[in-house]
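When we follow UniProt numbering, the leftmost residue of the sequence shown carries the number 1, and every step to the right adds one.
Misleading hints may appear alongside valid ones.
Computed Cβ-Cβ distance ranges for the label pairs, DEER-style [unchecked claim]:
no.	residue 1	residue 2	range
1	Ser30	Arg200	32 to 42 Å
2	Tyr86	Ile184	36 to 46 Å
3	Asn185	Gly79	40 to 50 Å
4	Asn185	Ser94	33 to 43 Å
5	Leu95	Ile138	14 to 24 Å
6	Ile138	Ser97	31 to 41 Å
Note that these hints are calculated values from the structure, not bench results. Positions of the beta carbon are idealized from the N, C-alpha and C atoms, including for glycine.
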Amino acid sequence: MKTTYLIGMAMLVGVMNACQPKQESAPPPSPVMSSIYKEGGNEELEITVPETAGAREADASFGTQQEVLQYINEARAQGCNCGSQYYPPAPALSLNSRLNGASNKHAVDMADYNYFSHTGRDGSQPWDRMTREGYQWIAAGENIAAGFTASRSVVNAWLNSPGHCANIMNPNFQNLGVGCGYNINSNYDYYWVTLFGTRR
1 MKTTYLIGMA MLVGVMNACQ PKQESAPPPS PVMSSIYKEG GNEELEITVP ETAGAREADA
61 SFGTQQEVLQ YINEARAQGC NCGSQYYPPA PALSLNSRLN GASNKHAVDM ADYNYFSHTG
121 RDGSQPWDRM TREGYQWIAA GENIAAGFTA SRSVVNAWLN SPGHCANIMN PNFQNLGVGC
181 GYNINSNYDY YWVTLFGTRR
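Working from the sequences, and respecting the hints, build out all of it.
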């Protein structure tokens, strides 16, 4: 089986217990990523994979959410080169339960139905899912990724991708949501989502 990775530009999902490496002889596909950002209406980049039904799902544990938050805040505290653009240190983000809920639901849905996209199966965008969970936003972003088995590796991959890194370092964001879905029958096994937001 080939190894593939997916990365999303403005989404993130994390799990500690549920998203641990599975014990299998065949390696999962290589990771992939994608990101999206909106502040008045700018959107970009979407990647999808064929949809098939899954058999096992799990969402991000609080421990994994804390890990992802820690790694992201470490980067924000130091400042970071996102491609050719330098972002100075930015204030720390705080976890938000509503964003965690929206992130986990989308991550599990992608894992369960074997697709990779900022657009949900119901046609929703990240900000739609944030609003649905009761988070009233003025700025919203999402990083998504698939195929990564650990929170450190997915955050590092996002930091090495200019668009994802820009979401992580955006000083306008105040809150973070982290989710992760796992399904052994999906193409990438692990699906990560991070939602970035600032309340209205």
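Results for each hint:
Judged by the Cβ atoms, the range 32 to 42 Å given for Ser30 and Arg200 holds: they are separated by roughly 39 Å. Between Tyr86 and Ile184 the CB atoms are about 41 Å apart, so this pair conforms to the stated range of 36 to 46 Å. In this structure the supplied range 40 to 50 Å holds for Asn185 paired with Gly79, their Cβ-Cβ distance being about 41 Å. Between Asn185 and Ser94 the C-beta distance comes to about 35 Å, which sits within the given range of 33 to 43 Å.
Leu95 and Ile138 have their C-beta atoms about 19 Å apart, which keeps the hinted 14 to 24 Å range intact. As the Cβ distance of Ile138 to Ser97 is approximately 19 Å, the hint placing it in 31 to 41 Å is violated.
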